[in-house]
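Trainee: Make the full structure from the sequences, and use the hints.
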Amino acid sequence: MPHTFTISQLTDKLTQGELTSREATQSCLDRIAAVDGQLNAFLSHDPADALAQADAADAARAAGESKPLLGVPIAMKDVIAVNGHPLNCASKILGEFNSPYDATVTQKLRDAGAVIFGRVNMDEFAMGSSTENSAFGPSRNPWDTDCIPGGSSGGSAVAVAADECIASLGTDTGGSIRQPAALCGCVGLKPTYGRVSRYGLVAFASSLDQVGPITKDVRDAATLLGVIAGEDKRDSTNVPEPVPDYTAALTGDIKGLKIGLPKEYQVDGLDPEVKTATETAVAELEKQGAEVVEISLPHTEYAIATYYIIATAEASANLARFEGVRYGARVDGASPEAMNRATRGGGFGEEVKLRVILGTYVLSSGYYDAYYLRAQKVRTLIRQDFLNAFEKVDLIASPTTPTPAFKIGEKANDPLQMYLSDIFTISCNLAGLCGISVPCGFSKSGLPLGLQLLGKPFGEPDLLRAAHAYEQATDWHTKRPILN
Amino acid sequence: MEYEAVIGLETHVQLRTRTKMWCGCANEYGADANTNVCPVCLGLPGVLPVPNAEALRKTALTGMLLNCDVPGFSKWDRKNYFYPDNPKNYQLTQLDFPSTIEGFVEFEFGEGTERVRINRAHLEEDVGKSTHFADYSGVDFNRAGVPLLEIVTEPDLSGAEMAYEYLNALKAILEYGGVSDCDMEKGQVRCDVNISVRPIGQTELGEKIEIKNMNSFSGVRRAAAFEIERQIGVLREGGTLVQETRRWDDAIGITESMRTKEDAHDYRYFPDPDLMPHTPSEEWLAEIRGSVMELPLARKRRLMADYQLPASDAEVFVGDAALGDYFEAAAKGAKNPKAVANWVMNNLQAKLAETGGSVAEVKFEPSAIGELVGLIEGGQINSKIAQDVFVEMFESGKSPMAIVEEKGLSQVSDSSELEAFCKDAIEANPGPAEDFRNGKETALNFLKGQVMKASRGKANPQMVGGLLKKILGS
Amino acid sequence: MPTMRKDLQHAVKLARIELTPEEEARLGPQLGDILKYVDKLNELDVEGVEPTAHAVPLTNVLREDEPRESLSHEAAMRNAPKTSNGLFIVPKIVE
Numbered sequence: 016m017p018h019t020f021t022i023s024q025l026t027d028k029l030t031q032g033e034l035t036s037r038e039a040t041q042s043c044l045d046r047i048a049a050v051d052g053q054l055n056a057f058l059s060h061d062p063a064d065a066l067a068q069a070d071a072a073d074a075a076r077a078a079g080e081s082k083p084l085l086g087v088p089i090a091m092k093d094v095i096a097v098n099g100h101p102l103n104c105a106s107k108i109l110g111e112f113n114s115p116y117d118a119t120v121t122q123k124l125r126d127a128g129a130v131i132f133g134r135v136n137m138d139e140f141a142m143g144s145s146t147e148n149s150a151f152g153p154s155r156n157p158w159d160t161d162c163i164p165g166g167s168s169g170g171s172a173v174a175v176a177a178d179e180c181i182a183s184l185g186t187d188t189g190g191s192i193r194q195p196a197a198l199c200g201c202v203g204l205k206p207t208y209g210r211v212s213r214y215g216l217v218a219f220a221s222s223l224d225q226v227g228p229i230t231k232d233v234r235d236a237a238t239l240l241g242v243i244a245g246e247d248k249r250d251s252t253n254v255p256e257p258v259p260d261y262t263a264a265l266t267g268d269i270k271g272l273k274i275g276l277p278k279e280y281q282v283d284g285l286d287p288e289v290k291t292a293t294e295t296a297v298a299e300l301e302k303q304g305a306e307v308v309e310i311s312l313p314h315t316e317y318a319i320a321t322y323y324i325i326a327t328a329e330a331s332a333n334l335a336r337f338e339g340v341r342y343g344a345r346v347d348g349a350s351p352e353a354m355n356r357a358t359r360g361g362g363f364g365e366e367v368k369l370r371v372i373l374g375t376y377v378l379s380s381g382y383y384d385a386y387y388l389r390a391q392k393v394r395t396l397i398r399q400d401f402l403n404a405f406e407k408v409d410l411i412a413s414p415t416t417p418t419p420a421f422k423i424g425e426k427a428n429d430p431l432q433m434y435l436s437d438i439f440t441i442s443c444n445l446a447g448l449c450g451i452s453v454p455c456g457f458s459k460s461g462l463p464l465g466l467q468l469l470g471k472p473f474g475e476p477d478l479l480r481a482a483h484a485y486e487q488a489t490d491w492h493t494k495r496p497i498l499n
Numbered sequence: 025m026e027y028e029a030v031i032g033l034e035t036h037v038q039l040r041t042r043t044k045m046w047c048g049c050a051n052e053y054g055a056d057a058n059t060n061v062c063p064v065c066l067g068l069p070g071v072l073p074v075p076n077a078e079a080l081r082k083t084a085l086t087g088m089l090l091n092c093d094v095p096g097f098s099k100w101d102r103k104n105y106f107y108p109d110n111p112k113n114y115q116l117t118q119l120d121f122p123s124t125i126e127g128f129v130e131f132e133f134g135e136g137t138e139r140v141r142i143n144r145a146h147l148e149e150d151v152g153k154s155t156h157f158a159d160y161s162g163v164d165f166n167r168a169g170v171p172l173l174e175i176v177t178e179p180d181l182s183g184a185e186m187a188y189e190y191l192n193a194l195k196a197i198l199e200y201g202g203v204s205d206c207d208m209e210k211g212q213v214r215c216d217v218n219i220s221v222r223p224i225g226q227t228e229l230g231e232k233i234e235i236k237n238m239n240s241f242s243g244v245r246r247a248a249a250f251e252i253e254r255q256i257g258v259l260r261e262g263g264t265l266v267q268e269t270r271r272w273d274d275a276i277g278i279t280e281s282m283r284t285k286e287d288a289h290d291y292r293y294f295p296d297p298d299l300m301p302h303t304p305s306e307e308w309l310a311e312i313r314g315s316v317m318e319l320p321l322a323r324k325r326r327l328m329a330d331y332q333l334p335a336s337d338a339e340v341f342v343g344d345a346a347l348g349d350y351f352e353a354a355a356k357g358a359k360n361p362k363a364v365a366n367w368v369m370n371n372l373q374a375k376l377a378e379t380g381g382s383v384a385e386v387k388f389e390p391s392a393i394g395e396l397v398g399l400i401e402g403g404q405i406n407s408k409i410a411q412d413v414f415v416e417m418f419e420s421g422k423s424p425m426a427i428v429e430e431k432g433l434s435q436v437s438d439s440s441e442l443e444a445f446c447k448d449a450i451e452a453n454p455g456p457a458e459d460f461r462n463g464k465e466t467a468l469n470f471l472k473g474q475v476m477k478a479s480r481g482k483a484n485p486q487m488v489g490g491l492l493k494k495i496l497g498s
Numbered sequence: 083m084p085t086m087r088k089d090l091q092h093a094v095k096l097a098r099i100e101l102t103p104e105e106e107a108r109l110g111p112q113l114g115d116i117l118k119y120v121d122k123l124n125e126l127d128v129e130g131v132e133p134t135a136h137a138v139p140l141t142n143v144l145r146e147d148e149p150r151e152s153l154s155h156e157a158a159m160r161n162a163p164k165t166s167n168g169l170f171i172v173p174k175i176v177e
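Chains A, B and C are the protein sequences, given in the same order. Each step along the first sequence adds one to the number in the numbering used here, with nothing skipped, and position 474 is 489. Each step along the second sequence adds one to the number in the numbering used here, with nothing skipped, and position 102 is 126. Each step along the third sequence adds one to the number in the numbering used here, with nothing skipped, and position 90 is 172.
Since the hints were derived computationally from the structure, they do not count as laboratory data. Yeah, the Cβ is synthetic: ideal placement off N, Cα and C, and Gly gets one too. Fair warning: there could be bad hints in the mix.
Restricting the straight-line Cα-Cα distance to at most 25 Å, the calculated cross-link-like pairs of lysine-lysine (BS3-like) are [said to hold, decoys possible]:
#1 C/Lys174 x A/Lys426
#2 B/Lys447 x B/Lys477
#3 C/Lys95 x A/Lys107
#4 B/Lys447 x C/Lys88
#5 C/Lys164 x B/Lys153
#6 C/Lys164 x A/Lys426
#7 C/Lys174 x B/Lys210
#8 A/Lys248 x B/Lys99
#9 A/Lys392 x C/Lys122
#10 B/Lys153 x C/Lys174
#11 A/Lys392 x B/Lys99
#12 B/Lys236 x A/Lys392
#13 A/Lys107 x C/Lys164
#14 C/Lys118 x A/Lys392
#15 B/Lys285 x C/Lys164
#16 B/Lys447 x B/Lys422
#17 B/Lys103 x C/Lys95
#18 A/Lys278 x C/Lys122
#19 B/Lys103 x C/Lys174
#20 C/Lys174 x B/Lys236
#21 C/Lys122 x B/Lys285
Where chain B lies over chain A, by a calculated footprint (3+ residues, C-beta under 8 Å) [stated by the list, open to error]:
#22 216 to 226
#23 339 to 349
Derived list of chain B stretches under chain C, where covered just means 3 residues or more per stretch with a C-beta under 8 Å from a C-beta of chain C [claimed, not checked]:
#24 37 to 45
#25 147 to 156
Mentor: So this is what it looks like as structure tokens:
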């Protein structure tokens, strides 16, 4: 069953000649045909194109080429540009948009030999925590199809958890990789801001967005990060820091690593099962020689408010380009303004409208200082909290989410409640840190739970080392949902 | 009651760079519509800007030429407004930390020199170009993302004529600096004018009215003149003025209201998260400072002082910088720089106009003109011969000395040789000789002409006159 | 039906988003709740705190003035809702 393989398992088989990329790709295509009807992870995929890439990879391998992802099918969140493919951001507003260019991460995947494979579902423009905000219907959690898979990279997590692909790319603005990875039982890594190029990632909140991997285990996350990270002259916010061999960090040795537990993360609404699972996981890390200490992040309770001001303000400008002039599903009007209004009114979903209006509001004349500028200052305080904490510890551990996956529709009419569930993931983006979620158990009802580890800027090696050491001691990541 | 006008100008200038501000598309006028475009300047989903180093360099240079400070920190902001020619529907600009601030422009106006303070010169991006048809409009994004410098004055101008002269001076500076080609026809310079009027003696400013849509400096002059008169007229008739934006209709020659303060835009400026701040280093600034060139007014003053040129000559050389450079090279060490200036302005320019060539293509070295003048001044050739020598220089590139020697054109100043010429002329023309003796001075010129003719122009004319008089008088 | 607050309506207008009356009725209170929630930030004293605009402290990220290939005209226009004579066509602009 090649579609169930990890990147490293598949690569071994391919290298040993036991399997071709065409077979692996076909296996994924078959799996999609079998299960995606109930999951709705894929918005579109082009089997002929995928198989052609697989054949090219097989030919390259036969010619003696060796690349880190040669012949490995990777699914792309529908917010990352792939030349010649649709790019919808799970929105109606882009209409029949077909990208005339590649994102830098897409180019890097191509250079590494990957089979770039399918467009996966998400909350429209990455705005949401459940993938219910997709204009093309929600994705469903493979562990319980009545439940949300998390979001916004819900399709990326579902496709990996349900073995519809080998690995995927998601994006994370306030937890959008880590949260769905946790709720679907995958590994999700949000790299440090500036680590991975954002060129070709359709911006939600430019100062917070990062592309990252969702994978079946930590090693795959390390491999995939190694491919997509690195300098890009097309992205001014990209940090020209050398890319280490992340897989070399997976030594299994975490003796002396200092892990902080923020006392402010004992929040109301933290599910007891989640709490227990996290404590058990931290105890495991301690057992392996990590030193666990309590830390304080005093401005934690202001993170969500800060985030929703900054992210929506940036989004209000980022999404202004979707107005029907140069691309997208235009709704006609008598004047450019009428056309813009009708196009945006008809093309954006309600959550996107809400956030764009909110972001416009907090920047508008008379409100800028009270909302936006204040939020930028609180962001400084939040960032400072983490920098202080990281003087004492190497990593910070917490649950990824306060609860397991909830039922589809449960929070659909209360955006604020939905926002509050981002409490553990959101500060990481505000402070520009890296973070990872690894499976750490199941709820009684059989839903996956995630352990989040946060690292210093460019501290991915430590993050991956600890996550990998934990994973080696547990078998949560090997569990797979049973689908009819 | 008498009124006075207070005027401030905002001038947008396209910078001369090879590529656009944020992407590698050509910064080029006149290409087919939507051919110099890429995902970045079309504002496609997912793209990011990366600033053009040369645009920042030219901005800093402009700042220096305008006597501005180049602060140690500048940043980028988004100015949000929807318009079909605005690809991202926000324009990247510099709100509170511009690249250059607080300078001034000096220019001659009336009898004296005026100084207009510059508030800032900040960098932003141009938008696309709209064309209007009967029932729709079309947009070409070739211009979108071209680096655009906005130069904002303090309200230091007091009239339409002064605004016009300021703009000419600014244009000359920008052209001198190689910052912009300033081609009005290509829309490389565009200008908005803020005008208010107040009773003379009143310190507070009147209601500020912005005028848009002038597409030439003379348009600015006419629009400002109209608007000042209109505003004073309104006040004289007991009316009131409100803060508003008005459009200049060049064909009719009037301004008309576009929008009032109530409909003013709410641009929702905020720092651009995609672009990092610029903190110019000392080395970077020093390198640019090293390329600061002399400005037109300073050059004019120096040409007048160093070469004793009249203002009109200096203006010719300031107006055509290449010709001015040529003159300075030619006049180096010349005893009579004015004579050199005449040769450059008259003969050289005439020849260049005739052949359609440029100063750079002239075959002989600038020093050859100094040499030619030296030959005349030293009496080796006369000015008539010099004209012929110059033509030969222009054609062959040979030095004047070489031409004179080669063709035996040296002036005859040997008095015994000249005396022979004079005696022959008197003998051959007894009538005019007699006339002169009878007091008809002009008859001497005829005889002189005969001598020159006989000597094939080589005779020293001053000496000939003296000798003729001497012979005829004895 | 409750209408949206005036200040929010202004933001809707600036954002150029047409809302149905039903959407206005739903979004109005939701926005009100969120704005009430974010007022939380007023509890903090931020006097003298520098604002953070970027998550990383980079400066002077520049590109040399070197041409790169543009898109072909066809690729540039292929997603356009309406074109004519090589231009992107929009409803008539009247200033």
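Trainee: Does each hint hold? Answer for all of them.
Mentor: Verification of the supplied hints:
no., hint, in the structure
1, C/Lys174 x A/Lys426, "violated (43 Å)"
2, B/Lys447 x B/Lys477, "holds (14 Å)"
3, C/Lys95 x A/Lys107, "holds (21 Å)"
4, B/Lys447 x C/Lys88, "violated (109 Å)"
5, C/Lys164 x B/Lys153, "holds (16 Å)"
6, C/Lys164 x A/Lys426, "violated (40 Å)"
7, C/Lys174 x B/Lys210, "holds (23 Å)"
8, A/Lys248 x B/Lys99, "holds (19 Å)"
9, A/Lys392 x C/Lys122, "holds (14 Å)"
10, B/Lys153 x C/Lys174, "holds (14 Å)"
11, A/Lys392 x B/Lys99, "holds (18 Å)"
12, B/Lys236 x A/Lys392, "violated (38 Å)"
13, A/Lys107 x C/Lys164, "holds (18 Å)"
14, C/Lys118 x A/Lys392, "holds (19 Å)"
15, B/Lys285 x C/Lys164, "violated (34 Å)"
16, B/Lys447 x B/Lys422, "violated (36 Å)"
17, B/Lys103 x C/Lys95, "holds (16 Å)"
18, A/Lys278 x C/Lys122, "holds (20 Å)"
19, B/Lys103 x C/Lys174, "holds (24 Å)"
20, C/Lys174 x B/Lys236, "holds (20 Å)"
21, C/Lys122 x B/Lys285, "violated (34 Å)"
22, 216 to 226, "holds (count 6)"
23, 339 to 349, "holds (count 3)"
24, 37 to 45, "holds (count 3)"
25, 147 to 156, "holds (count 3)"
Of the numbered hints given earlier, the model fails hints 1, 4, 6, 12, 15, 16 and 21; all others are met.
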